[in-house]
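These protein sequences, in sequence, are chains F and A. For the first sequence, our numbering gives the first residue as 1, with consecutive numbering after it. For the second sequence, our numbering gives the first residue as 1, with consecutive numbering after it.
No wet-lab data here; the hints were simulated from the structure. The beta-carbon is built from N, C-alpha and C at its ideal position, and this holds for glycine as well. Misleading hints may appear alongside valid ones.
Derived coverage of chain A by chain F (criterion: at least 3 residues anywhere in the stretch with Cβ under 8 angstroms from a Cβ of chain F; other residues may be distant) [said to hold, decoys possible]: (1) 18–31; (2) 188–195.
Cβ pair distances, simulated, as ranges [to be verified]: (3) Val28(F) / Pro127(A): 23 to 33 angstroms; (4) Leu153(A) / Arg78(F): 12 to 22 angstroms; (5) Pro205(F) / Ser191(A): 30 to 40 angstroms; (6) Leu147(A) / Ser86(F): 19 to 29 angstroms; (7) Pro127(A) / Glu186(F): 37 to 47 angstroms; (8) Val23(F) / Leu153(A): 28 to 38 angstroms; (9) Ser191(A) / Arg158(F): 18 to 28 angstroms; (10) Val29(A) / Met63(F): 13 to 23 angstroms; (11) Trp229(F) / Val29(A): 41 to 51 angstroms; (12) Val23(F) / Arg144(A): 18 to 28 angstroms; (13) Leu174(F) / Thr25(A): 14 to 24 angstroms.
Chain by chain, the residues:
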Amino acid sequence: MSRERLGTTGQLGCFLAVLLAAVLLGGVRAGIALAFSLGLALLFYPSALRIGRSRTLWTFVVMLLASGALWLGPADARVGPIAVSSQGLAAGLWMALRALAILIATRGLAASTSPGELAGLLERLGLRGLGFTLGVAVNLLPALERSSCRTWDTLRMRGGLRHRRRLTLRLATLTVMSNALRRADEIAIAAEARGFGLQRARALPLRRGRLDGPVIASLAVLVALLAAWR
Amino acid sequence: MKGWSTRELVTLAVFGALWGVAEMTLGAVLHALRLPFAGLVMSGLGVLIVLTGYRFVPRRGAVLTIGLVSALLKAFSLGSIVLSPMLAILAEALLAELGLALAGGQPRRGPLALAGALAVLWSFFHPFVGQGLLAGRGMVEVYRRTLEAGARLLHLDPHAVPIIVLALIVLHLAVGATAGILACSLGRQLSRRLQVEGA
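Extracted from the complex, chain F is given alone in its bound form (with noise of 0.2 angstroms):
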């Protein structure tokens, strides 16, 4: 079986690579540290790069652009009757290009590791059991999404928040956490009867990669090398 280019700890490798680039990078270098992102994306995870089409993204780096033409910097231009910094717009760019790395490196991460495989690093760090607390959260979604909009529904047919909503609000919030507590101890008494301990847990596998271990000792030697540039 043919394993993949990159395992977790390669992903969080590549993902602490960027953040500390951007960290060592500012001023005009954050462009490298963007291109670095943007390399690691388009040879690891090319899903991250998806994060383009997302509006939110562009209306901050618009707002990044816009405040430092207006803020930073003394004005030497004219955009209508609205006077602009050129340096500021160039320190406004610099942030923006440094927010886009760290933005598409976060993307990566989130797109190519699972919950469990955090959990699982976690786990090697000393949280013992954060794996099995994840893995009954994540079980536990549907339940409470659909016990949350039972109760929603039933007080909506009981009058919903148009009377007495300090009332309502509590009661809704009572029910669903006591439903999703006696879910819980449901799931303790299966877990138990089943054998599991903390003890006797073992952490969650993590994927191992081809490329991990040079992959990350060639981002330790770049990240080494930005550090002694800056």
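Following the hints, position chain A against chain F.
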């Protein structure tokens, strides 16, 4: 998490899932609508959930575990920008944990109110810290200039800006403390309801 029982882990999972669901549904809607104080509302709700959870598992690290579960759930929800809410959830959980540690860790009104106040206070600083981390130090200057321009636009004395900031901080602390106190009574009511149903 050493020595924690299966039941405690499952209880933490329940409250982590509740916070995660609230963030993924109501949080996403509030942020998409760009309503003012959306962060404050979500922080208050998150703190209410997490501190109610602490009433059931009053152990050091319980609040942080609930926060971690919720942040991990949020990381894999739909939407493009997840870093900022994840950071907010983790920071709030850490501050609540700190508040509980400072107040002795008892799941009573006082410690829960302090933990809630500290946690919700983060939502005031979060835009500055979060965007500062993303975009760098330039954001601090952007915010300073925006505040000055806002004061000019509203014909406010520039000296009034610190007072407005202070008022906002007090509002956040008050919402957090109220959420902590509500969590205490909600936890009590939940325990009573579960006992009645179990009997």
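Here is how each hint holds up against the structure:
Coverage of a stretch by a chain is defined here by at least three residues with a beta carbon nearer than 8 angstroms to that chain's beta carbons; for the stretch 18–31 of chain A and chain F the count is 3, and the condition holds. Only residues whose beta carbon comes within less than 8 angstroms of a beta carbon in chain F count, and the stretch 188–195 of chain A has 4; three or more means the coverage holds. Range check, valine 28(F) to proline 127(A): about 26 angstroms between beta-carbon atoms, so the 23 to 33 angstroms window is met. With their beta carbons about 19 angstroms apart, leucine 153(A) and arginine 78(F) fall inside the hinted range of 12 to 22 angstroms.
At roughly 37 angstroms, the beta-carbon separation of proline 205(F) and serine 191(A) lies within the given 30 to 40 angstroms, and the hint holds. The supplied range of 19 to 29 angstroms is met by leucine 147(A) and serine 86(F), whose beta-carbon atoms lie about 24 angstroms from each other. At about 41 angstroms, the beta-carbon gap between proline 127(A) and glutamate 186(F) stays in the expected band of 37 to 47 angstroms. Restraint check, valine 23(F) to leucine 153(A): a C-beta distance of roughly 34 angstroms satisfies the suggested window 28 to 38 angstroms.
Distance hint check for serine 191(A) and arginine 158(F): the Cβ-Cβ separation is about 25 angstroms, which falls inside the suggested range of 18 to 28 angstroms. Checked against the hint of 13 to 23 angstroms, the C-beta distance between valine 29(A) and methionine 63(F) comes to roughly 21 angstroms, which is consistent with it. A hinted range of 41 to 51 angstroms holds for the C-beta pair tryptophan 229(F) and valine 29(A), which are about 45 angstroms apart. Our hint of 18 to 28 angstroms for valine 23(F) and arginine 144(A) holds, since their Cβ atoms are close to 22 angstroms apart.
Against the hinted window of 14 to 24 angstroms, the Cβ-Cβ separation of leucine 174(F) and threonine 25(A) comes to about 19 angstroms, which satisfies the hint.
In summary, this structure violates none of the numbered hints.
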